[in-house]
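Whenever a hint applies, use it, and build me the whole structure from the sequences.
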Amino acid sequence: MKSLQINHLQVCYAQQTILQDLNLQIQDDDILCLLGASGCGKTTLLKAIAGLVPLTQGKIVLNQRDLSQVPVEQRKIGMIFQDYALFPHLTVAQNIAFGLGKTPKTAQAEIVAEMAALVQLSAFLQRYPHELSGGQQQRVAIARSLACKPDLLLLDEPFSNIDSQVRYQLIEEMKGILKQQKVSAVFVTHSKEEAFVFADKLALMEQGKIVQFGEPVELYQRPHSRFVADFLGSGSYLPCRLSDPQTLESELGQLRGQSALTLANGQPIDRLKPLFCLLRPQMLQLTTAGKPNATIIGRHFLGHTFEYQLKVGEQQLSVYAQDNLAIGRQVRLVAQSDLINLFH
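When you line the sequence shown up against my numbering, it's residues 1 to 344, in that order.
Treat the hints as calculated values from the structure; they're not laboratory data.
Just so we're clear, the structure is a prediction, and the values are computed from it rather than from any experiment.
Among these hints, one or two may not hold up.
Unchecked claim - Keeping only pairs whose Cα atoms sit at most 30 Å apart, straight-line, the calculated DSS-like set for lysine-lysine is:
1. Lys182 to Lys102
2. Lys192 to Lys47
3. Lys209 to Lys273
4. Lys105 to Lys182
5. Lys76 to Lys209
6. Lys102 to Lys175
7. Lys105 to Lys149
8. Lys76 to Lys182
9. Lys192 to Lys179
10. Lys149 to Lys102
11. Lys209 to Lys182
12. Lys59 to Lys209
13. Lys175 to Lys209
14. Lys201 to Lys59
15. Lys291 to Lys182
16. Lys149 to Lys273
17. Lys76 to Lys59
18. Lys201 to Lys149
19. Lys179 to Lys201
As the list claims (entries may be wrong) - Pairwise CB distance ranges (calculated):
20. Arg271 to Tyr168: 18 to 24 Å
21. Ser234 to Lys209: 19 to 25 Å
22. Ala117 to Tyr168: 18 to 24 Å
23. Thr262 to Phe87: 42 to 48 Å
24. Gly134 to Thr305: 26 to 32 Å
25. Ala260 to Phe98: 55 to 61 Å
26. Asp230 to Pro88: 39 to 45 Å
27. Gly134 to Ala289: 46 to 52 Å
Even for Gly, the Cβ is constructed at its ideal location relative to N, Cα and C.
Encoded structure:
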């Protein structure tokens, strides 16, 4: 069982707390994303797992083994850096074999061949890094890390240097490789799109803390705070009021929950405080039928769809729709009521 557990982890530099009482766990073969803005502590956490920064307190346990005092080279952890850290004077084959120094030469050759085939670089073994594309260099870094059979793979902004046209293809390929090899991974990114595609679990960080942890779809659909909601996607906050335990009244009419409504964090609603419902563009349906309740005030053509900005009473909302509609057109907006997230 190659699960990673982090218990009450704290890291301080020069009397400044960088990571505060972090707790999380991932199971076999899970891919965990540490997501957050610059300075939130995600890279420090990655380095702490690797053993590159000392812990002030807490434990890091991998495969039921406490790593807190284990040297970097004995942790059985592979790492892929943002710039790949390939050796320019070594061939692809030599780069892949770099961590296999004590392995017999015959076995090394077999492992190199296996890893090269895994990342589709068998025809490039005698080339040097400067003769490869960015995506191919990334594959070499993956092969080198996996050649040592790590219990865990760490990736620091692994896709930031890859051209956007091939980035998501490479992400899908890398995810398939990790699942095939049954290797757990932790990767750092500031891109929510990369996190949604690559991660099984997502830890969103702010100021050295994990503010929400879970599956990406769970965090997107059920954010516990406005910070989580805003970081993970665009949306608008529609003023509303609670007319009964399951029903909201708003400029869009009634929204009815499937059970008694609470705030997004599970706390009860305070009827004395202003109440807002998070509406993401895809939660809204635009139609030209029925009584209008909105006016189109702006639009963007996105190729596969239009994004419209609409005025509803004194509020502005965004919605996606296929129809080509003119600015100034009066339309009707209908909100889905199965994903109601409420905030004060």
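Going down the list of hints, with the structure as the test:
1. Lys182 to Lys102: Satisfied, since the Cα-Cα distance of roughly 24 Å is no more than 30 Å.
2. Lys192 to Lys47: Within the cut-off at roughly 21 Å; holds.
3. Lys209 to Lys273: Cα-Cα ~27 Å, so holds.
4. Lys105 to Lys182: Status holds; Cα separation ~25 Å.
5. Lys76 to Lys209: holds, 26 Å
6. Lys102 to Lys175: Since the Cα atoms of lysine 102 and lysine 175 sit roughly 29 Å apart, the hinted pair holds (cutoff 30 Å).
7. Lys105 to Lys149: holds, 17 Å
8. Lys76 to Lys182: The hint holds at about 14 Å.
9. Lys192 to Lys179: Answer holds: lysine 192 to lysine 179 is near 21 Å, not above 30 Å.
10. Lys149 to Lys102: Holds - the C-alpha atoms of lysine 102 and lysine 149 are around 14 Å apart, at most 30 Å.
11. Lys209 to Lys182: Roughly 29 Å separates the two Cα atoms, so the pair holds.
12. Lys59 to Lys209: holds, 16 Å
13. Lys175 to Lys209: holds, 26 Å
14. Lys201 to Lys59: holds, 20 Å
15. Lys291 to Lys182: Not OK: lysine 291 and lysine 182 at ~55 Å, beyond 30 Å, violated.
16. Lys149 to Lys273: At roughly 55 Å apart (the allowed maximum being 30 Å), lysine 273 and lysine 149 break the hint.
17. Lys76 to Lys59: The given pair, whose Cα atoms are some 17 Å apart, holds under the 30 Å limit.
18. Lys201 to Lys149: holds, 22 Å
19. Lys179 to Lys201: This hinted pair holds, its Cα atoms lying about 14 Å apart.
20. Arg271 to Tyr168: 18 to 24 Å: With Cβ atoms ~45 Å apart, the hint is violated.
21. Ser234 to Lys209: 19 to 25 Å: holds, 24 Å
22. Ala117 to Tyr168: 18 to 24 Å: Holds: the Cβ-Cβ distance is about 23 Å, inside 18 to 24 Å.
23. Thr262 to Phe87: 42 to 48 Å: Violated, since threonine 262 and phenylalanine 87 (Cβ atoms, about 56 Å apart) do not stay within the stated range.
24. Gly134 to Thr305: 26 to 32 Å: holds, 30 Å
25. Ala260 to Phe98: 55 to 61 Å: holds, 59 Å
26. Asp230 to Pro88: 39 to 45 Å: holds, 42 Å
27. Gly134 to Ala289: 46 to 52 Å: holds, 49 Å
Checked against the numbered hints given earlier, the structure breaks hints 15, 16, 20 and 23 and satisfies all the rest.
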